[in-house]
Amino acid sequence: MKFTLRVWRQRDAAAAGAMTTYEVDGVSADMSFLEMLDHLNERLILSGDTPVAFDHDCREGICGACGVVINGQAHGPERTTACQLHMRHFRDGDTIDVEPWRAEAFPVVRDLVVDRSAFDRVIASGGYVSVPTGSAPEAHATPVPKAAADLAFDHAACIGCGACVAACPNGSAMLFTAAKVVHLNALPQGAPERESRVLDMVDTMDAQGFGGCTNTGECATACPKGIPLSAIGTLNREYLRATVKGRGNRD
Amino acid sequence: MTDYTAYGVGDPVADTKAPDGPIAERWDRRRFEAKLVNPANRRKHTVIVVGTGLAGGAAGATLAEQGYRVVQFCYQDSPRRAHSIAAQGGINAAKNYRNDGDSVHRLFYDTVKGGDFRARESNVHRLAQISLQIIDQCVAQGVPFAREYGGLLDTRSFGGVQVSRTFYARGQTGQQLLLGAYQALSRQIDAGTVEMHPRTEMLDLVVVDGRARGVVARDLVTGRVDTYFADAVVLASGGYGNVFYLSTNAKNSNATAVWRAHRRGALFANPCFTQIHPTCIPRSGDHQSKLTLMSESLRNDGRIWVPVAKGDTRPPNEIPEDERDYYLERMYPSFGNLVPRDIASRAAKNVCDEGRGVGPGGQGVYLDFADAIRRMGRAAVDAKYGNLFEMYERITAEDPYQVPMRIYPAIHYTMGGLWVDYDLQTTVPGLFAIGEANFSDHGANRLGASALMQGLADGYFVLPATINDYLARHPHDEVLADHPAAVAVVAEVTARLDRLLAVDGDRTPDSFHRELGELLWDECGMARNEAGLRKALGRIPELREEFWRRVKVPGTGAELNQSLEKANRIVDYLELAELTCLDALHRTESCGGHFREESQTPDGEAARRDELFSYTAAWEFTGTGRPPVLHKEDLVFEHVHPTQRSYT
Amino acid sequence: MALATRTQHAQHPQHPPSLLGSLWRSTVGKKAVMAVTGLIMLAYLVAHMIGNLKIFFGPGEFDHYAHWLRTIGGPVLHYEWFLWILRVVLVAAVVLHGVAAYQLSRRDLAARPVKYARPRARTSYATRTMRWGGVILGLFVVWHILDLTTLTVNPNAQHGHPYANVVASFDRWYVAAFYIAAMLALGLHIRHGFWSAAQTLGANSPRRDRAFKAAANALAALLTVGFVSVPVAVLTGIVS
Chain A
1 MKFTLRVWRQ RDAAAAGAMT TYEVDGVSAD MSFLEMLDHL NERLILSGDT
51 PVAFDHDCRE GICGACGVVI NGQAHGPERT TACQLHMRHF RDGDTIDVEP
101 WRAEAFPVVR DLVVDRSAFD RVIASGGYVS VPTGSAPEAH ATPVPKAAAD
151 LAFDHAACIG CGACVAACPN GSAMLFTAAK VVHLNALPQG APERESRVLD
201 MVDTMDAQGF GGCTNTGECA TACPKGIPLS AIGTLNREYL RATVKGRGNR
251 D
Chain B
1 MTDYTAYGVG DPVADTKAPD GPIAERWDRR RFEAKLVNPA NRRKHTVIVV
51 GTGLAGGAAG ATLAEQGYRV VQFCYQDSPR RAHSIAAQGG INAAKNYRND
101 GDSVHRLFYD TVKGGDFRAR ESNVHRLAQI SLQIIDQCVA QGVPFAREYG
151 GLLDTRSFGG VQVSRTFYAR GQTGQQLLLG AYQALSRQID AGTVEMHPRT
201 EMLDLVVVDG RARGVVARDL VTGRVDTYFA DAVVLASGGY GNVFYLSTNA
251 KNSNATAVWR AHRRGALFAN PCFTQIHPTC IPRSGDHQSK LTLMSESLRN
301 DGRIWVPVAK GDTRPPNEIP EDERDYYLER MYPSFGNLVP RDIASRAAKN
351 VCDEGRGVGP GGQGVYLDFA DAIRRMGRAA VDAKYGNLFE MYERITAEDP
401 YQVPMRIYPA IHYTMGGLWV DYDLQTTVPG LFAIGEANFS DHGANRLGAS
451 ALMQGLADGY FVLPATINDY LARHPHDEVL ADHPAAVAVV AEVTARLDRL
501 LAVDGDRTPD SFHRELGELL WDECGMARNE AGLRKALGRI PELREEFWRR
551 VKVPGTGAEL NQSLEKANRI VDYLELAELT CLDALHRTES CGGHFREESQ
601 TPDGEAARRD ELFSYTAAWE FTGTGRPPVL HKEDLVFEHV HPTQRSYT
Chain C
1 MALATRTQHA QHPQHPPSLL GSLWRSTVGK KAVMAVTGLI MLAYLVAHMI
51 GNLKIFFGPG EFDHYAHWLR TIGGPVLHYE WFLWILRVVL VAAVVLHGVA
101 AYQLSRRDLA ARPVKYARPR ARTSYATRTM RWGGVILGLF VVWHILDLTT
151 LTVNPNAQHG HPYANVVASF DRWYVAAFYI AAMLALGLHI RHGFWSAAQT
201 LGANSPRRDR AFKAAANALA ALLTVGFVSV PVAVLTGIVS
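If you read the sequences in order, they're chains A, B and C.
Under this note's numbering, the first residue of the first sequence carries the number 1, and numbering increases by one thereafter.
Under this note's numbering, the first residue of the second sequence carries the number 1, and numbering increases by one thereafter.
Under this note's numbering, the first residue of the third sequence carries the number 1, and numbering increases by one thereafter.
So that you can see chain A by itself, here it is in the shape it has in the complex (with noise of 0.2 Å):
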């Protein structure tokens, strides 16, 4: 297969950026769209040019280090992460866009790489459970129902990957906030800090330049773990009720 990319090229944070267009030749069905981009770069070094940069880890889909935009879609047209498309979905001679996530909260790197940091300091800011080590009780003593514990691991499931916030017209991290509220806050381990989890998150999301939702929904579209758009329900719903409930005894 043959194909024209155009790519964005970016040599840093600080430098203006550029599509720039390569053709490729000799790509193969079964490989994957980054194994097609590793292929490119094959031939970028022998040229004397420089690759291009891109995030990558695992490449089964699990770890949350690859997304790009293609053709103005996070992860591409599937419904899965960009190491886990293949080149089969596209059609040989296609013109192929591929961008970085486009968000003020996720500044880029280089090339198709962004910093996407802000959403560990989401996390930090309430996404656990205070449970220093030594200190946890029998696993029995206290049972989750099942349906708890399910609600639980489907919003768990999140990989941080940044689809949401890429696909999101507002940039807005909400859909990745609120898989993490659901995934703690659904589960009697995390009812102690309920509240403050909720509102801390909340103010950090803010804090780190995030848009807000305005419920288009383009997230859940993106999401390559299927995290529901109910989640966003259920964290505004969180968000108030700890508003409401626990102003002023934070902390």
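Derived by calculation from the structure, the hints in this document are not laboratory data.
Values in this document were obtained by computation on a predicted structure and should not be read as measured data.
We put the CB at the ideal spot given by N, CA and C, even for glycine.
Do not rely on the hints blindly, as some may be mistaken.
Listed below are the simulated DSSO-like cross-link pairs for lysine-lysine, each with C-alpha atoms no more than 27 Å apart in a straight line [to be verified]:
#1 B:384 to A:146
#2 B:566 to B:113
#3 A:2 to B:552
#4 B:552 to B:566
#5 B:113 to B:44
#6 B:566 to B:535
Stretch by stretch, here's where chain B covers chain A in the computed footprint (C-beta under 8 Å, at least three residues) [what the hints assert, rightly or not]:
#7 83-94
#8 177-191
#9 231-237
Since the structure of chain A is provided, determine the placement of chains B and C on it from the hints.
Positioned in the frame of chain A, the structure of chains B and C alone reads:
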């Protein structure tokens, strides 16, 4: 001509930290005998942790909770992405919730036996004891383990053991456990007790006056090379499976941290103990960048076969039943498709070597669910394996409900690693290694669902209890940034990077990595023999020489340069590969993941030679291309008597 | 070393000023303010629309109804007091809704400064037009008050004769057209806005999602048809 197969033999190495006495009391005794650091003094001590996987994340969080100042590194953009995240199956713990006869002693026994009697009894027993606390800790963190309708934890049996002791969170247990550790770590980062350096890769170890006192690390975004000092250094940087190029490891998982530590004096133990996983998706072509594992549970209901005839290119559904060879069922009638990982892997290799492999390049065997679908119904198969079938279809574009899956073994885990004592301290005082980075606990073969257990045991419970002893004996003293030892290491690191950039040859870094990987896979993969290992040992130095002559690394060192990162890691692989082959050559027995063709029973099973090899091989570095020195640690079995495995 | 495990967040004031104040500080809270004010306006519009339909029963009934509105709450409330209270509440709702929307929109635009080379909008038209639709509705409300409340821009109108004023206004085709266009915009706004409010207030759930979407569509259709029926009736001579 240099003899690349030569090595010296040095003094035996001994674990002086494990107490004697009844095995069940050793861990308690060690914790009691270990010196403690006064809580008020802990904040004066800085501990560097390299890596944020299950072991590193757990250790960083726990040490910070105890009051130490932690400085932590990961090459990923976030500590949440370490490759522990990809573990699917589950985590073992001797909770005996099923009342099915499990116990700490049984988990200990199974692990020693599963490791083919090449692990230290004291360590393994401690691991089994701690397994209980791990589950408690993770549940309290909010890890969403699978539960039954009554609200209690569900368990399953895994990896051929007879008890249900594996706790799991769907097929994403590693992810959920890692997120638990990551969240605990994040809490400490927010509290200011952990100074986190993401996108920063450790490139060397700083040893001052014989003690590990810091690391030299490169900021992968700016290219800045800096020295970080500490009172102790903990390596939690994972295994070295990527020396094979194609493995189930993450693309950037690498051996640089452990190999650099090895070069600075830490012994490297049992590098030839590598584990191959039988159920991976075969490679689809030369472009393949990594391999994807599918849960071993598929073998519970799938039947493995190849065509009877060589070079049979008919589609699988057109091959009649009597022209199929269900070779595992034929060779191992009692265990059938459920034989251990190494046996299943080797059998697949053998039939492919015979020319009966299927799929592109003949490197695959069928895993057929047609019978299971007939027997259980499509819905039941879907409920059990739906997500795996989906993953397979996404990657291969073949529907496993219609045509049999194709599988092939792949490198998956490395049991070898830095030699550590009972305290998880390497032979460099103040340098600790935890998780897959060390060699302990699994012997020559790791049981399924035990890697997560060991990583968390080391990180949450073992290291935080043993590192106190070292720190208490070495009161904090400042190392100055311009200490000659540190300056020299920085100069060395920088010189190496500059040299890589200066070669400006005509081959990409990946092309060397791929070539090295293929060589290693062919000669030091599932089955090894003397001729092949000698061939590899002759070829690796040539490849290393060629690398330094022909590699092309574009760009500069003062920027995000992924080619430079790769090339720098390959330098270490080119040395580690050599030691791996040498270790495999010297160990003329078969055990666990190490199968020497010269040492097998008449029916083709691995034959251990306890009288000669009941030891851990700990290697000392003497210089690139120079013969290493072997230090043996004799293994003593007081509680589990070595027996030969039999699965026929 | 218990302290070392404690996580503190200094950035929060210990005692936020008020519920509204603490809500106003965050994007989520501000959206909740928008949702509540939106629902207040929506409730008003439903009553307004039902009232409008009285026009089909002739000038007597319509004008009587308009007069009655001014006497609600009496004799406790003085003449027109209820109306003024309502107006204050509505103005507050409009202002809060508008200011919040403006502030959030500015924030949202700043959060995504760079567009993709090949944008793919997959959201509904209603969702994408919330901002400009809102602006149009705001302008419409101003005109609408000038036209039928203060009668400033309705040259043939007389105070105290609402039926005649409505007919006089809609007799001009361009006024009717503007009105109809604004009501279509209102329909779109409610279609996304009602469901969005449910989501924002956390009332939504996977089970209720379809019901809320259906209710949003029904409300949007009902209000649009109800409001539009009046100018159409005037233009076609059914009401004259």
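Next on the checklist: Output the indices of the hints that this structure fails to meet, ascending.
Outcome noted: 2, 5, 9
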